[in-house]
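Novice: Please build the complete structure, drawing on both the sequences and the hints.
First to last, the protein sequences are chains B and G. The first sequence lines up with residues 0 to 314 when you count with numbering that gives the first Met the number 0. The second sequence lines up with residues 0 to 276 when you count with numbering that gives the first Met the number 0.
Worth double-checking, as some hints may not be accurate.
[Unchecked claim] Listed below are several chain B residues computed to face chain G (Cβ distance under 7 Å; list not exhaustive): (1) Asn60; (2) Gly67; (3) Lys73; (4) Gln91; (5) Tyr98; (6) Phe180; (7) Ala267; (8) His270; (9) Leu274; (10) Ser286; (11) Gly287; (12) Gln291.
[To be verified] Covered stretches of chain G (in silico footprint by chain B; criterion: 3 or more residues with CB under 8 Å from a CB of chain B, positions within the stretch not fixed): (13) 7-14; (14) 109-116.
[Claimed, not checked] Restricting the straight-line Cα-Cα distance to at most 16 Å, the calculated cross-link-like pairs of lysine to aspartate or glutamate (EDC-like) are: (15) G:Lys198 with G:Asp245; (16) G:Lys138 with B:Asp49; (17) G:Lys134 with B:Asp49; (18) B:Lys7 with B:Asp175; (19) B:Lys306 with B:Asp219; (20) G:Lys138 with G:Asp57; (21) G:Lys107 with B:Asp158; (22) B:Lys306 with B:Glu288; (23) G:Lys95 with G:Asp152; (24) G:Lys2 with G:Asp213; (25) B:Lys93 with G:Asp105; (26) G:Lys138 with G:Asp60.
Calculated from the structure, these hints are not laboratory results. Here a beta-carbon is modelled for each residue, glycine too, at the ideal position from N, C-alpha and C.
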Amino acid sequence: MRKNLGEKSTRDAYGEALLRLGESDSRIVALDADLSSSTRTSKFAEKFPDRFFNLGVAEQNLYAVAAGMSTCGKIPFASTFAVFATERALNQIKQCIAYPALNVNIAATHSGFTSSGDGASHQGLTDMAFMRCLPNMTVIAPADATQTEKAIRAAAAHDGPVYVRLGKIDVPILFDPDSDFRIGRAVLVREGSDITVLVTGILLSQTITAAEIAEKKGIDVELIHVHTVKPIDREMLVRSATKTRCVLTVEDHSIVGGLGSAAAEVYAQYHPVPLTMVGVADVFGESGEIEQLYEKHGLTAVQIADKIRIAVQRK
Amino acid sequence: MEKSVPDLLERSRRVRELVIRMIHESETAGHYGGSLSCVDILVCLYFSSMKHRPNEPDWEDRDRFVLSKGHAAPALYAVLAEAGYFPIRNLWSFKKFGSTLQGHPDMKLVPGVEMSTGSLGQGLSVAVGMALAGKLDRKSYRVNVLLGDGEIDEGSVWEAAMAASHYQLDNLTAVLDRNNLQVSGFTESHMRIEPVAEKWKAFGWTVIEIDGHDPRQILSALGSADQNSVKPLLIIARTVKGKGIDFLENKIGSHSCTLTSEQFAQVMQRLKGTPPG
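Specialist: Right under this line is the structure:
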């Protein structure tokens, strides 16, 4: 962790992973809704034009077509922006993919605030909420390029639908290529004893920094990256909170239905502890630089560190 | 599978009996109207036109059928049972707690059901996916899908219609069950779909209009797909909602309703007396 491995967006990592997967498995097909240059399915499209389908600006059709292909033995990856995948095609995803539990993979980019300048219409701040409430659906938000590659392979191999939440912006590569990745297993990033901090997706980097800031103030943070928000790693969450007796969640997503809610569902039922949620407080996004948006919603390292300080006092 | 018209008509008569008994025994209001309007189409598909193996439902070269208007599940279940996919007696569990025969079809529970449907406007997209996969694998199977006429109010149907034409899916046949009625009333009073043939033609489809209760015309239209090139095929099957129950035929209330025991007995008696052909 924290080596100089460079930076890459998780969408770029997705495009490369999909290409490699396509080379090794002819069942892989890629589908897109007129955004392949943005979602990076374009790499796959160039190499495998016969196995790439641009369905146009028609997300409902996109996901039901993917379902039909899946019943014929294909392993589809169907991509668009997170907001459009989960909202324009929600009923198709439920009826044709989640209900029959087909191996259709929804790789959605521009999640969270990462489509920053485009504003509320394009920011995917509730995508995990929509996907998480569908039975049979697995929801993964990788931290970096390494985890993205592993998540894409795992999604293809997983016998059921997987939603993979990807970002537009470059983020530090934090995990080694040989790091362990299993669907449903959270990653213990650093051990600590005063508070459990859970983070999902690409905010891991600033949350590590937040933990370091907190450490200087004498707070020993146990940091866990929850790449699989569903099914969530209940065992690790409870074990950690049993030790630290307080929890804080960090996400670039609404606290309604995202990681905070998922953690609350675990802790309220299995191990009640004070829980602080850092994320988007049930409001719409807006245009701005990504740093400005993170600042407004309390998602910078300094702000997260301050929330950690307050959260510990709730014990 | 039988091809003779009298055989198909007799099969349709039996399927209608099963449909009516299945819904009646479910002891709830059921979709008599839209199930009975498509019986002859489904019988022609499963007992003449389609290559399929009831004892090997996952045979990879089978022709596919997607019931996009999933509320006609009784018709599909009856045809699948008649074809031998599962025992006829299973039909009497339709809609009951714990039954594999859900109110709308579940592909995971019922052999022969190719897609879980019920939420309208999605089956054509699914069929497009199957047809694209067939092309990709250089398979000769055909994909058939049944659409309701009320169903095509859904915008997603037109997304799929555009894609089918764009990808030149000549291995795809959609049959439109044109019974003129949707839940609220006549399609042309509530949401006009005419001129429906011209709309599909404009979307790049070959369009054939037939009497959807005449096996000769149904088979001829389904068979014409083989000569069709480049374009997907839409068969507009003019049908009567509730066909086979005289007092429900072409009636607004026939979409979902119940029969009294007396009506049921009377209907079954009349169906028995209907001579084939």
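Novice: Taking the hints in turn, state whether each one holds.
Specialist: Hint by hint, here is what the structure shows:
1. Asn60: Given a least distance of 4 Å, the restraint on B:Asn60 holds.
2. Gly67: holds, 2 Å
3. Lys73: Holds, about 5 Å.
4. Gln91: holds, 6 Å
5. Tyr98: Holds, about 5 Å.
6. Phe180: Violated - the Cβ of B:Phe180 stays beyond 7 Å from chain G, reaching only about 29 Å at its closest.
7. Ala267: Violated: closest Cβ of chain G sits about 31 Å from B:Ala267, beyond 7 Å.
8. His270: Interface hint status for B:His270: violated (35 Å vs cutoff 7 Å).
9. Leu274: The hint is violated - B:Leu274 has no Cβ within 7 Å of chain G, the shortest such distance being about 36 Å.
10. Ser286: violated, 29 Å
11. Gly287: violated, 33 Å
12. Gln291: violated, 37 Å
13. 7-14: violated (count 0)
14. 109-116: Satisfied; 4 residues make the cut.
15. G:Lys198 with G:Asp245: The hint is violated at about 32 Å.
16. G:Lys138 with B:Asp49: Between G:Lys138 and B:Asp49 the Cα gap is close to 15 Å, so the pair holds against 16 Å.
17. G:Lys134 with B:Asp49: Status holds; Cα separation ~10 Å.
18. B:Lys7 with B:Asp175: Holds - the C-alpha atoms of B:Asp175 and B:Lys7 are around 14 Å apart, at most 16 Å.
19. B:Lys306 with B:Asp219: OK: B:Lys306 and B:Asp219 at ~14 Å, within 16 Å.
20. G:Lys138 with G:Asp57: Roughly 15 Å separates the two Cα atoms, so the pair holds.
21. G:Lys107 with B:Asp158: holds, 14 Å
22. B:Lys306 with B:Glu288: Answer violated: B:Lys306 to B:Glu288 is near 23 Å, above 16 Å.
23. G:Lys95 with G:Asp152: violated, 30 Å
24. G:Lys2 with G:Asp213: Cα-Cα ~13 Å, so holds.
25. B:Lys93 with G:Asp105: It holds: about 13 Å lies between the C-alpha atoms, which stays within 16 Å.
26. G:Lys138 with G:Asp60: Given pair G:Lys138, G:Asp60 holds - Cα atoms ~7 Å apart, limit 16 Å.
In summary, the structure is inconsistent with hints 6, 7, 8, 9, 10, 11, 12, 13, 15, 22, 23 from the numbered list given earlier, while agreeing with the others.
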